[in-house]
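A.B. asks: Chain by chain, the residues run as shown.
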Amino acid sequence: MTRASVVGAGMTTFGVHESTLAELFATAALDAYDDAGVGPDDVDAFYFGNAMGGQTENDTHLAPKLASEVGIAGVPAQRFEDACATSATAFKNAVQAVEAGIHDTVLVGGVERCTPETGLGTGEMTRIFASASHRQYEQPTGLTFPGVFALLTKRHMHEYGTTEEQLAHVAVKNHANGQRNPRAHFGRELTVEDVLESPVVADPFHLMDCCPFSDGASALVVTSDERADSYDDPVDVTGVGHATDIVPLSAKPVPHATQAARDAAAGAYEQADVTADAMDFAEVHDCFTGAEVMASEAIGFFEDGEGGPAAAEGRSALDGDRPINPSGGLKAKGHPIGATGAAQIVELTEQLRGDAGDRQVEGAERAVAHNLGGDAGTTVVSVVEVRS
Amino acid sequence: MSLSYDEWAASLREGTLLGVTCADCGTTYGTPFSVCNECGGRDLDATDLPEDGEVYSVTTVNVPPVGFEGPYQVALVQVGPARVTARIADDDEVDIGDGVVLDGAMEADDGHPAPVFRRA
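Protein sequence lines, in the order shown, are assigned to chains G and U. Mapping the first sequence onto this note's numbering, position 336 (from 1) lands on 430, and the numbers just tick up by one. Mapping the second sequence onto this note's numbering, position 113 (from 1) lands on 977, and the numbers just tick up by one.
Chain U extracted, bound-state conformation (with noise of 0.2 angstroms):
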């Protein structure tokens, strides 16, 4: 059985980054995904990511969309096999290949959880 969003979410919420990995070819996501991209299997096995992660590309959001206040910055953050994108803990300020380790969630206004990460 495949990973649900709403599992995904629960999981980041208590601190822990899952991802799928897919049973037939091995690839593995940073998000859930109901069939694989890859080899079009539907076994995709939820897979704890790695806290430590390396920041493989980085911005700072000086115009924020309504919701959210700037600055902040948003990365694509590399997690073993897998990259999700997060946000860069306040006060921190990261560049690629960067060490980062995840530092739990933030909630949007709208209750979606964000994975945050703080500088290793």
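With the rest of the complex left out, here is chain G (with noise of 0.2 angstroms):
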């Protein structure tokens, strides 16, 4: 069943950009108004994602001035909070509150700014992610966010086997990707050897493991059932699934199974009344190789275990069975952590219209989000289609 539809999508390049926060969510949005045919009149709600904007440029009570910005100032506006599930919980509700008939139309989406534009260096930065572990029981060893994905990863490569070839094959694999991508921060060609290669920054992570920090917007405008067919090329919203794990990783049963990300892919199978076998693609919260192998499993495209080898055999590639990251993922398309969730929604938009391009996964129907926020504390999985 339709709980909403996509009928508008934009986003900005991911990289680096000097511009303002409120600069940079304008391009995006303007990007969603234009795509939709919508105007600030059309909009009755604001769903907006930002996760550090507090710490990284001193800018909170982000919602009403972005509302400002873009000529909705007036409309009910909030700010969601999740690490780096931001804005997919933004778009949960904006999901939501459309469905109930609180709202027809809503614009929802999301900004951050991570690269050195900020005035922050690495070590800073690294500081500012690790917020989001544990305050007491985490970050006071000194773990950072490679090192959160490190201690999931090892373990699965204890319990399965997973190689460090396999997990370089994702990042070979999503760079391929991403060269596809115009809008990705990266996208080259890369090898196993040069991902192994490459500097450790949290074992088994080498840097070319993991994803960049970037800047970049994403903005959607979603709305009802009924309203989209007056609208050019909607896609539907079937099912949107969201799942949280106990905090700290220790407290946690199975680390690598990524419990929030089953239970949340489960809820949304369940509401589009669909398997993971009905998916024709994968967008996932691939911030580090390994987090791309447990997810693929997590959401049901590989057994466990098997994701590893999966990636090994091309199977996730473009041309594969069960394509995953066609837009290059975060770990070449980037991750300005409030922007992404929003932006794999952009992506299943343009993938579910026939409009991507050189990455286009052909005949593409029915797809699958996954963004995780957190030390796996929170996974929001979506599921959208063409409009039948």
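Simulated from the structure, these hints should not be mistaken for lab results. Here a beta-carbon is modelled for each residue, glycine too, at the ideal position from N, C-alpha and C. A few of these clues could be false.
Footprint (simulated), chain U over chain G, 3 or more residues, beta carbon under 8 angstroms [said to hold, decoys possible]: (1) 241 to 251; (2) 292 to 298; (3) 337 to 345.
Take each chain as given, in its own frame, and dock them per the hints.
C.D. replies: And the structure:
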């Protein structure tokens, strides 16, 4: 059943941007307006994601500020923060509000700046990212976010024999896809050796196993099922699952299972009345190569323990039987924290419309997005389909 | 009365790693919670965790946040029925499955302690 429809999608390039948060977000929002053919008068509410603006740019209470920037001052506007799942949570709430008849048409999206344009270096930004780990029981150890996913991945390797070479194949594949995405931060020919020879950030992750710090913004216009017919090329949201897992990592019974993702995926598939097998591709939260392997199993694309071999065999490549991250993913497209979740829905929208150019998944009619936040504490999984 | 963070931290500074055990369902956690996530019970009694543990997962952090100097190892350590996130002592290097023993606490520059384990 259609819960809401996406009728407009826009995003900036992900990379390095000198503009203000407001101007950066406006670039994406105006793209989404134009794509939908709407203006500010058509927007009833604003659901907005930003994770770290208070820490990185001394900029808070951003929802009304950005609403004013894009001409919708006056509408109800609120900011969502769930670490890297920030704008997927905003999207979920927008879908629910439209479905419930609270608002007819909602602007939803996110923005973040994470590069040295903020004035912060790697060590300072690493500390800010680590603020999403447990304040008392994780941060004092000096745990970083590469470290969080390294702990999960190392156990996955121990349990299933997942190898560093298999992880490297994820990076190679996503960089190859990124080459086909004009808005990607990175994208170049990369070999497994290039990944394995890059410096170690937190073992087993080399620098090329890690997504970059990026600046960027994304935006969507979401409207009700009934109204969507009056727009060109709507795509339907049929499921949005949202789950949390216990924090800190040490309290998770099986950390590498990423239980929140399994629960969120089960919820999304159940709402959409589909199974993982019905998905033509996935955009997943590959902040690190190991995160993509665990996500690919959690959303049911591969059996537990098969995510690594599947990546190495090319099954998740653009021309594989289970394509994952045709956009290049966080790894190559980039990861401006608060913009990432909505940007995944932008990619799903363009693919399902057949507008993804060189990275088009042939004949894609149904796809799933997986956006994870914190130390696997939050996951939002969304199913989007071609309008029938 | 549940174990507070301050009590957990004070105990750790004195060399004892405390967890909590739910009086209703028996689940043990390596860190305090106000309510049991298994059964909803509020009666979480402080429990001495063993000093001997086993490395459940571990990574070497080469790119630390400000306030820390790398490289160093951070591990999930299985201590009896619970796990904790801990530092491995400098000059030691451990892998999954290795036996480790509690070696006191370190304190980050913000004053919060973290358990430290060394190779058994």
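A.B. asks: Hint by hint, say whether it matches the structure.
C.D. replies: Now the hints, each set against the structure:
1. 241 to 251: Contact hint for the stretch 241 to 251 of chain G vs chain U: holds, 6 residues under 8 angstroms.
2. 292 to 298: holds (count 6)
3. 337 to 345: holds (count 5)
Checked against the numbered hints given earlier, this structure breaks none of them.
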